[in-house]
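Asks: The primary structure of each chain is shown beneath.
2 protein chains.
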Amino acid sequence: MLTVYSDKHALRDARTELYGGELVPPFECPVRAEHILGRVREVGLGEVIAPREFSLEPVTRIHDPGFIHFLEHCWQEWVAAGFKGEAIAANWPARGMQQRAPHHIEGKIGYYALAAETSITDGTWQAARASVDVALTAQSAVADSSSSAFALCRPPGHHAAGDMFGGYCFINNAAVATQAFLDQGAARVALLDVDFHHGNGSQAIFYDRDDVLFLSLHGDPAEAFPHFLGYADETGHGAGQGYNHNYPMGPGTAFDTWGAALDDACAKIRGYAPDALVVSLGVDTFENDPISFFKLTSDDFRRYGASIASLGLPTLFIMEGGYAVEEIGVNAVNVLQGFEGD
Amino acid sequence: MLTVYSDKHALRDARTELYGGELVPPFECPVRAEHILGRVREVGLGEVIAPREFSLEPVTRIHDPGFIHFLEHCWQEWVAAGFKGEAIAANWPARGMQQRAPHHIEGKIGYYALAAETSITDGTWQAARASVDVALTAQSAVADSSSSAFALCRPPGHHAAGDMFGGYCFINNAAVATQAFLDQGAARVALLDVDFHHGNGSQAIFYDRDDVLFLSLHGDPAEAFPHFLGYADETGHGAGQGYNHNYPMGPGTAFDTWGAALDDACAKIRGYAPDALVVSLGVDTFENDPISFFKLTSDDFRRYGASIASLGLPTLFIMEGGYAVEEIGVNAVNVLQGFEGD
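The listed protein sequences correspond, in order, to chains A and B. For the first sequence, the working numbering gives the first residue as 825, with consecutive numbering after it. For the second sequence, the working numbering gives the first residue as 825, with consecutive numbering after it.
Read the hints as simulated data drawn from the structure, not as lab findings. From a predicted model like this one, the values you see are computed outputs, not experimental measurements. Glycine included, C-beta positions come from ideal geometry on N, C-alpha and C. One thing to keep in mind: the hints can contain errors.
[Claimed, not checked] Stretch by stretch, here's where chain B covers chain A in the computed footprint (C-beta under 8 Å, at least three residues): (1) 917–925; (2) 1035–1048.
[Stated by the list, open to error] Pulled from the structure, derived: some chain A residues nowhere near chain B, Cβ distances all over 10 Å: (3) A834; (4) P854; (5) V872; (6) R885; (7) E901; (8) A904; (9) G931; (10) Q950; (11) G1064; (12) W1082; (13) C1090; (14) D1123; (15) S1131.
Isolated chain A, as found in the complex:
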């Protein structure tokens, strides 16, 4: 399988994450991508190429231009305001408040944020752009070959909504790639999110559309980030009614339950008969992930890769989360090897 990778991901190297009331070294860190790339090479998964550079046009098919402008300029505005730390939202448009983007960066960052754990730093924008270039380059390869590819994206993307960042995500790589399939002529695309965390950004982006079937297996939002989206009763809206499927699962969920949910999701994908499949691939479902509560083993990743392959679809894997850094390479590549039947 082709892998697309950019070493510009390393420009996203925040010092701080707000976690448990402390500023700690971020769980989402550069070595994650390095370990995955190392494993791709170790097992000889296939060719590794650098991304092409795309314009922002495919990105603004998904994201609000004001949001993109904010992402590009946030760090400079933050520094100019005299703040000394990394750029972190400390207030936001809460219940009953105005949905107007303030002028001052202290407020503007809250308008465009859905969480405060994720800082914006020097280099974040450049890394996020390279990450979506990785996704679009891999998408192009899948579209051209009708086979599969692995976009080794970092930073991840699935929490990013049309106009909000958070959950370590800035540009929604999977959503941009999904839209690219459609813009190139696909009639229907399925977007399957197997990251431990609900793909709230992807869901929100496609919630009222029937040309994208979104399915997410994840920790129950009553117990897990993003906490405010991902319930089973969120089934789509308007034309999108019936095209959104959530599988929230509780603490301690192991592969017997998780795999059954995946089988159900795969059956729905078959029924939808999409032209392509995009997989938001997070491996924080792993039993030893430090911030998640599912109990999948490394072997389980290989097993579910095979399940996804059985769909027989042109398939684009987009890297999302996974914070058990030592095992992230084995776990992510196990999915791809399982998919390849290796």
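Here the structure of chain A is known, so what remains is to put chain B in place on it, guided by the hints.
Replies: Below, chain B without anything else, positioned relative to chain A:
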């Protein structure tokens, strides 16, 4: 003038505030109240008494019971979850997300928060309860005597909405006291907020009611916290239409402009003919306040105290913000002395 004060305010002694992407010692700190009390005694403002203990009944006239339960138990739930820092919201129900309180404290705190600068700590609940007892004791004195009193509240309250804390505020002391006047027979109460920051909580609580006239002079929300409420076009809703007046003002505003806004507000209060006046008294309008941008001098505080006195109303002063700690006593008591004609 009678002052009500409780030394239990010192139980609110957080170590951390999220500011500019760093965790810094909080601007809202115990010495603030001590300096104000010292100045009250230094000038011989009048008797200083401790508060009576009230039940939660007057508090739940304003605040959601689920929110009050959260405030009472947040710190214990946070510690039980294994978090090491003070309790700070790191995610929230952002645009398009569910307004459901999650089970896990990591999500629950975001549901009940409107900002992340304010941590919840051991002792916060006890101090917030004592603070609202201070407000209610002073309210009772004003109601009984038809004169004036100073509730030396700490923590402050005006940012707290019916079901959200933030901006250093937990229970909205001014709103609870305002409701107490009404519940004791007042037909109309005016709530004048002269803190530098918009009184978003107070506004939201009374926004659809005509028995409370709310007026706030404050930094333009496009430039200043709380950033998402306090615009001039917020004039009330339903029965409350026309009973909410905001005076947002820009950086560098001095007393010529600020005093003219106060005169306009006082004219509206006269027209409303309330039975009592509650003043949310913040002195962060001071020229040397470290986190605000108005330019009032210490003498200006005395001048506007006289303007408020000219309304001739039973008046309850509720202490809110002010972060120029060395001058906070002089500035706050200057308002009260100006009111007394001293």
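Asks: Beyond 10 Å from every Cβ of chain B: is that where the Cβ of C1090(A) lies?
Replies: holds, 27 Å
Asks: With 10 Å as the threshold, tell me whether A904(A) passes as away from chain B on beta-carbon distances.
Replies: holds, 12 Å
Asks: Taking 10 Å as the cut and beta carbons as the points, is G931(A) off the interface with chain B?
Replies: Its Cβ does come within 10 Å of chain B, the nearest being 3 Å, so this is violated.
Asks: Once the closest CB in chain B is found, is it more than 10 Å from V872(A)?
Replies: holds, 35 Å
Asks: With 10 Å as the threshold, tell me whether E901(A) passes as away from chain B on beta-carbon distances.
Replies: Holds: least Cβ distance 12 Å, greater than 10 Å.
Asks: Please check whether the region 1035–1048 of chain A has three or more residues whose CB lies within less than 8 Å of a CB on chain B.
Replies: Since three or more residues must qualify, the claim that chain B covers the region 1035–1048 of chain A holds, with 4 doing so at under 8 Å.
Asks: In terms of Cβ atoms, is chain B entirely out of 10 Å range of P854(A)?
Replies: For P854(A), whose nearest Cβ neighbour in chain B is about 20 Å away, the distance exceeds 10 Å, so it holds.
Asks: Just double-check Q950(A) for me: nearest Cβ-Cβ distance to chain B has to come out over 10 Å.
Replies: Consistent with the label, Q950(A) stays out of reach of chain B, its closest Cβ about 19 Å off (over 10 Å).
Asks: When you look at the beta carbon of A834(A), is every beta carbon of chain B farther off than 10 Å?
Replies: holds, 21 Å
Asks: Quick one: work out the minimum CB distance from R885(A) to chain B and report holds if it exceeds 10 Å, violated otherwise.
Replies: About 18 Å separates R885(A) from the closest Cβ of chain B, which puts it past 10 Å; holds.
Asks: Does W1082(A) sit more than 10 Å from chain B, CB to CB?
Replies: W1082(A) is indeed farther than 10 Å from all Cβ atoms of chain B, at 20 Å.
Asks: Compute the least Cβ-Cβ separation between G1064(A) and chain B, then decide whether it is above 10 Å.
Replies: holds, 13 Å
This entry does not satisfy hint 9, going by the numbered hints stated previously; all others are met.
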